[in-house]
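Peer 1: Protein chains in written order, with our numbering: chain A, 1 to 201; chain B, 202 to 385.
Some hints could be false.
[Claimed, not checked] Okay, the calculated beta carbon distance ranges per label pair:
| no. | chain 1 | residue 1 | chain 2 | residue 2 | range |
| --- | --- | --- | --- | --- | --- |
| 1 | A | A17 | B | Y382 | 38 to 48 Å |
| 2 | A | V108 | B | A333 | 40 to 50 Å |
| 3 | A | N36 | B | S210 | 15 to 25 Å |
| 4 | A | M145 | B | R319 | 38 to 48 Å |
| 5 | A | A17 | B | L328 | 30 to 40 Å |
| 6 | B | K237 | A | H143 | 29 to 39 Å |
| 7 | B | R241 | A | M93 | 38 to 48 Å |
| 8 | B | R231 | A | H143 | 21 to 31 Å |
| 9 | B | K269 | A | A103 | 50 to 60 Å |
| 10 | A | A32 | B | A333 | 37 to 47 Å |
| 11 | A | P89 | B | R378 | 18 to 28 Å |
| 12 | A | P89 | B | H329 | 49 to 59 Å |
| 13 | B | K269 | A | D161 | 49 to 59 Å |
Hints are computed from structural coordinates only; laboratory data are not their basis.
No residue lacks a Cβ here, since even glycine has one placed at the ideal position from N, Cα and C.
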Amino acid sequence: MQTAEFADCIGRRESIAGIPPVQALMPRRIEASTPNLYSGQFGCGAFPFHTDLAHWFLPPRFILLRCRRGDARVFTSVLPWDRAIRGLPTSVMSRARFRPRRALNGRVHLLPFAQVVGDTALWRWDSVFLEPDNHEAAALADHLMQMGSTGERVVLRDPGDTLVIDNWRVMHARSAVPTGARRRLVERSYLRELGNDGQSD
Amino acid sequence: MMAKATKVSAAPHPWSSDALLTKAQRYAERMVEHAKDDWRFALWSSLALELLLRAALARISPALLAEKNDWNNIYFALGHEPRVQKFVPKSIGATEVATRLEVILTAFTPEMKNFCGRHLTTRNEELHTGAAAFQDLGAGWMGPYYAACEVLLESLGKDLQYLFGADEAKVARALIRASMYESA
């Protein structure tokens, strides 16, 4: 089963201008990538914990990662926000505010760390594409940069192995990719919701 | 597992309650960086107040902010891009925003509306004339200011601490109590 078909079976795909419905993710060296991508910042080194598209006002809710060609030496780490922010004062979490490192369409918009969306909420973090906009965000960024937690490790080893991440409630990271594992291929699709009737737009 | 569907969005609508409130918080932080007898404390307070008023009205609908003489403003407020060349969206004035909120929000009293009108008029004098309108303003305005902010914030599901930080929120509550005692 193709990843798009699989995604349609478990939820409703996002339609995002400029982003293919299914993206092929392969490790790349820094010089072979672009600075707006994590591989352009970290290459085959470890990716830090982050929210996908954290610099967007409303990042995609769910991330589907599906193995096409696995490698047991490479893993994805997932870390729920309630663990990541344990011990932080509530005032930091309620007031922390970020801004994107670069303007989007010529405009900069301010981004609360914790954001109510309908009857749920999202939390965001990205050490590369977000900048703290107040003291609380700077304190939060310090905490997250020095965080000891490594989260839960998930290995997408065999074709078809799939990981679905709630991007609003869980951060994720990728381990370093050793030289022999650079043919690893994972496909990614963003989902708006899970458990629907499979309609996509 | 069912999750409520929310489409991704790169940027918030500039008239959305969330965007206005987040920017109000930024202005409020600039405000409390200054001493209370510094004219800049009052200036930033007025800038934060306007955004807070607009955020409270936008929470009901951004369409309530649209200047009514051109329907494209309402169209823009509803999240569409008007097909007018070089379109610049126009919103209603802040005093009109306060007038609408007085009707809509039970807790937003006529006294609060009047205070907001006066404070924003002083702000306009500060910004658009040669007068140093916020110089030597005294402290009497602060209690009514924070009282209005508290009501507006409550309508947005927030509190004084969200906008001003924990320390200033304590001071603000004391000033509100003092102003209520004075006006009783």
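Peer 1: Look at each hint and say if it fits the structure.
Peer 2: Outcome of the hint check:
no.: 1; hint: A:A17 with B:Y382: 38 to 48 Å; verdict: violated, 57 Å
no.: 2; hint: A:V108 with B:A333: 40 to 50 Å; verdict: violated, 31 Å
no.: 3; hint: A:N36 with B:S210: 15 to 25 Å; verdict: holds, 19 Å
no.: 4; hint: A:M145 with B:R319: 38 to 48 Å; verdict: holds, 46 Å
no.: 5; hint: A:A17 with B:L328: 30 to 40 Å; verdict: holds, 39 Å
no.: 6; hint: B:K237 with A:H143: 29 to 39 Å; verdict: holds, 31 Å
no.: 7; hint: B:R241 with A:M93: 38 to 48 Å; verdict: violated, 29 Å
no.: 8; hint: B:R231 with A:H143: 21 to 31 Å; verdict: holds, 24 Å
no.: 9; hint: B:K269 with A:A103: 50 to 60 Å; verdict: violated, 31 Å
no.: 10; hint: A:A32 with B:A333: 37 to 47 Å; verdict: violated, 59 Å
no.: 11; hint: A:P89 with B:R378: 18 to 28 Å; verdict: holds, 25 Å
no.: 12; hint: A:P89 with B:H329: 49 to 59 Å; verdict: violated, 41 Å
no.: 13; hint: B:K269 with A:D161: 49 to 59 Å; verdict: holds, 57 Å
Violated hints, listed in ascending order, are 1, 2, 7, 9, 10 and 12; each of the other numbered hints is respected by the structure.
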